[in-house]
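> Take a look at the letters that make up each chain.
There are 2 protein chains.
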Amino acid sequence: MADLSQITLDSASSTPLYKQLADSIRSLVSVGSLRTGERLPATRELAGQLGLNRTTVSAAYEMLEQSGFLQGHVGRGSFIAAAPEMHSFDWETVLPPLEHTPAPTAAVSINFASSRPAADSFPLEQFRQISQQVIDSPEAAEILQLGSSHGYAPLRHYLLEQSRNSGVARDTDDLIITNGCQQALDLIARVFFDSATASQSLLVEDPVYHGLLRVFLRAGANIIGIPVDEAGLDLNAVEDAIGRLHPRMLVVTPSFQNPTGATLSLDRRKRLIEIAQRAGLILVENDIYSELRYTGKPLPTLKQLDTSGNVILLRSYSKVSFPGLRVGWIVAPRPVIARLAGAKQISDLHSDQLSQAVLLRFAESGELARHLTRSRDTGAERLHAAMSACSLHLPTGSTWTRPEGGMSLWVELPAPLLAENVLARCEQRGVSYLAGPLFSSRDAHRRGLRLSFGGLAPQQITRGIQIMGESAASELAAIRAEARLEPVAAVV
Amino acid sequence: MADLSQITLDSASSTPLYKQLADSIRSLVSVGSLRTGERLPATRELAGQLGLNRTTVSAAYEMLEQSGFLQGHVGRGSFIAAAPEMHSFDWETVLPPLEHTPAPTAAVSINFASSRPAADSFPLEQFRQISQQVIDSPEAAEILQLGSSHGYAPLRHYLLEQSRNSGVARDTDDLIITNGCQQALDLIARVFFDSATASQSLLVEDPVYHGLLRVFLRAGANIIGIPVDEAGLDLNAVEDAIGRLHPRMLVVTPSFQNPTGATLSLDRRKRLIEIAQRAGLILVENDIYSELRYTGKPLPTLKQLDTSGNVILLRSYSKVSFPGLRVGWIVAPRPVIARLAGAKQISDLHSDQLSQAVLLRFAESGELARHLTRSRDTGAERLHAAMSACSLHLPTGSTWTRPEGGMSLWVELPAPLLAENVLARCEQRGVSYLAGPLFSSRDAHRRGLRLSFGGLAPQQITRGIQIMGESAASELAAIRAEARLEPVAAVV
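Chains as they are written, first to last, in the working numbering: chain A, 69 to 560; chain B, 69 to 560.
It is worth saying that the hints were derived from the structure and are not from the lab. We put the CB at the ideal spot given by N, CA and C, even for glycine. Check before you lean on any hint, since a few could be wrong.
To list a few chain A residues with every Cβ distance to chain B over 12 angstroms, as calculated [stated by the list, open to error]:
{"#": "1", "residue": "T76"}
{"#": "2", "residue": "S82"}
{"#": "3", "residue": "S101"}
{"#": "4", "residue": "D254"}
{"#": "5", "residue": "G311"}
{"#": "6", "residue": "L417"}
{"#": "7", "residue": "R493"}
{"#": "8", "residue": "S508"}
Per the computed footprint, the stretches of chain A lying under chain B, defined by three or more beta-carbons under 8 angstroms from a beta-carbon of chain B, are [what the hints assert, rightly or not]:
{"#": "9", "segment": "182–192"}
{"#": "10", "segment": "278–284"}
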């Protein structure tokens with residue numbers, strides 16, 4: 069018979085004693101002190117040995133029996149059950165291949181890879197006050213109850229009114245709350261692509277945010293990249309693609325595009341609207357950065373310029389306030405919002421209401437506007453630091469964009485440098501960024517890279533770009549050294 | 069020239085004056101007081117008339133010009149632009165058909181249609197204290213920053229440890245946080261069905277939660293309903309379906325199934341595990357109600373009984389605490405969680421972190437356990453009220469399930485009554501429920517209906533079921549009256 073008298077339990081622990089006992093017996097088996105077929109002491113006996121109530125021991129045995137660990141035989145006692153034969157299920161045969169998502173190595177101290185604001189500039193005190201007001205308010209019970217797929221009604225009404233007042237929404241438009249802009253893109257892909265029988269074409273900027281690419285690739289869209297220059301999308305390429313492919317939709321980030329930081333000029337905005345209307349092309353306008361303008365004049369959104377109602381506008385609080393709270397929204401004609409709400413209900417019923425209520429009060433109280441003013445000041449400094457450091461430290465022949473806002477800029481290294489190889493050297497020195505191919509549906513942009521400066525202090529930005537420059541120089545030296553070692557071509 | 073001197077602006081408003089002015093001009097056009105082609109006063113002139121700064125007027129004109137409302141001609145002034153030709157975009161040609169989602173009419177006062185807890189039993193004071201602690205904690209800044217697709221790390225670790233301690237998770241398992249159980253189902257459908265080239269079979273309970281049906285229908289699964297009796301799934305039907313169809317997966321809610329309230333007996337649980345292991349069938353265990361047991365003995369989960377690692381377990385805080393906070397989780401072998409995290413990142417990056425932090429503290433502090441104890445007491449009362457009222461008020465020949473927990477029971481009306489027709493009468497008297505066909509992939513269960521009692525007080529439940537009985541009686545009388553009016557069959 070098994071000896072369990074050495075087991076010690078902690079009566080002060082929050083784990084119930086019967087569970088502690090069951091766990092101890094399991095461990096004795098796993099370390100080999102108890103073997104298959106061994107009989108356990110009777111409950112009364114073990115209770116006496118360990119100074120426990122007998123029901124505690126019974127409960128432990130019952131738990132172990134239910135999970136197949138013990139076998140009880142009436143009148144004969146409880147025995148350690150034979151380990152069930154483990155035909156371990158072979159998941160790899162039924163699962164899709166694992167997608168590689170680049171993750172910076174643990175030792176990264178200057179991270180240009182993540183497009184996000186700096187946590188040290190969060191207005192924590194204001195957030196605390198606002199949250200306190202929300203949880204103390206009489207609406208708390210409503211916030212905690214099951215909500216609507218369209219969003220928390222007070223926030224939805226506030227955003228709809230704001231959108232109407234600024235000419236973004238017209239009377240025929242409606243609004244749905246999403247978990248940030250990522251879910252907005254996903255819902256759009258579900259409504260417009262998943263249900264299509266044939267694989268339809270989608271125009272996107274090239275390079276473009278990798279999370280956008282992945283959403284539409286997964287939905288089976290035929291993705292066509294349209295080159296982006298400093299004034300945004302190349303509209304001749306758009307017209308050409310329309311003529312050849314009759315695409316269903318164009319997704320565009322007119323202000324401070326991710327990854328290039330480029331802004332579509334007013335002339336191009338007007339022309340794009342015309343082109344889209346003529347072609348019956350749906351325009352999805354991803355407008356999550358436009359409030360982060362550091363220099364230059366604000367431009368109207370495509371949605372404001374639109375006259376035929378074919379623009380779907382995405383906005384979000386995540387980039388301009390707290391990315392950990394997932395609240396974005398879509399403004400579009402009513403029939404579109406009705407379908408998006410159906411897709412939202414299937415996806416996750418509705419967005420979390422506590423954050424919706426907190427962000428509503430954050431916006432209504434004017435705290436969001438004050439925070440934006442501060443964010444523009446710090447953003448301008450960071451952008452300036454990044455551009456100065458690029459001039460000083462990047463190797464000769466590098467080019468980079470000169471955004472007027474946002475969180476990212478785009479660098480092209482001179483040949484024969486590849487962004488991925490320079491990255492490997494950077495990461496050894498604690499600096500990370502995302503290499504160009506991630507922003508392409510065709511693995512292009514091998515010399516390109518995105519520098520997201522939004523979350524870093526100016527001195528980190530300067531130091532990080534200096535290390536990038538030094539890493540690029542080492543890589544170049546290594547390439548040249550290797551070239552010298554190559555045998556010369558045979559003369560024939 | 070247009071006369072704008074009557075415009076009045078509110079200098080105390082938070083809307084900037086230039087925007088107020090632009091809005092006023094827009095309204096004058098929309099009411100017909102200003103017409104296409106009319107010239108507006110020069111900025112200096114209008115500024116004088118209205119007592120405004122000239123830059124305010126310029127800003128308003130510029131805004132209107134940018135949105136195409138005004139046309140400026142250098143040296144000649146600004147004119148109301150001709151309304152652009154509205155080729156209104158035809159959305160209905162590009163959108164999928166609108167799905168009908170049943171929504172109770174506005175006048176419903178006793179709503180059996182929604183499976184949710186009662187708002188008046190929310191522990192609001194405890195929620196407020198807990199939330200206050202979270203927002204005051206040093207972790208607040210971390211909560212507000214961009215998070216992980218796997219979930220907020222402290223909550224994830226807490227849940228993983230809990231799952232390990234209770235034998236639900238083994239060492240080869242991992243855990244991901246989702247926006248409630250709805251998103252968990254959606255992510256599973258994305259990983260296991262969307263990527264499959266052929267349409268694979270999925271076994272589900274019949275009747276089954278409509279939100280589950282919609283997720284997998286959308287993903288293109290071939291859905292096979294398996295009948296449910298008081299002891300849960302009919303396992304002979306499962307074995308038969310396996311033999312005929314080689315299904316990929318079975319989704320099952322072993323405890324207090326939605327809509328029937330049925331619980332899979334321990335014997336059937338063990339046999340189901342064996343069947344699934346032998347057939348290489350993936351089991352998805354939806355375990356969101358098991359903590360709401362009012363009578364009878366708790367049973368081990370399939371995940372605890374499983375020995376080959378083919379069970380994916382879903383749990384959620386939504387049903388047992390606050391449905392407005394969307395936090396659920398999945399426990400499954402590591403390769404599965406890795407794919408689910410990839411799907412989650414595409415869907416919405418990550419779940420909202422404020423609610424994750426609040427619910428973590430709610431659980432850790434013991435408040436969740438205390439709330440659960442109270443919920444079981446109120447739930448037992450409500451279930452009892454529902455079953456008594458069914459005995460008293462439903463028409464002779466009705467049958468209904470007798471759940472030991474959860475939030476819903478299932479009623480079958482006697483022929484020739486149809487649940488939908490009785491519902492129409494109920495709604496006229498302020499009572500709503502969901503009719504059976506919604507819980508079927510084949511529009512079956514026309515005499516069935518789900519009564520969700522979780523959110524209603526006992527006296528509402530009694531009154532509601534009384535009204536249902538009376539409505540059924542009226543419907544029956546109407547059917548009989550109509551039958552008497554039918555001409556008798558011709559004799560030939």
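> Would you mind marking each hint as holding or not holding in the structure?
Verification of the hints:
1. T76: holds, 17 angstroms
2. S82: violated, 8 angstroms
3. S101: Given a closest Cβ separation of 19 angstroms, the condition holds.
4. D254: The claim is violated: D254/A sits with its nearest Cβ about 5 angstroms from chain B, within 12 angstroms.
5. G311: holds, 19 angstroms
6. L417: Violated, because the least Cβ-Cβ distance between L417/A and chain B comes to about 5 angstroms, which does not exceed 12 angstroms.
7. R493: It holds; R493/A is separated from chain B by about 26 angstroms at its closest Cβ, greater than 12 angstroms.
8. S508: Holds, because the least Cβ-Cβ distance between S508/A and chain B comes to about 17 angstroms, which exceeds 12 angstroms.
9. 182–192: As far as the segment 182–192 of chain A goes, the hint holds, because 6 residues have Cβ atoms under 8 angstroms from chain B.
10. 278–284: Satisfied; 3 residues make the cut.
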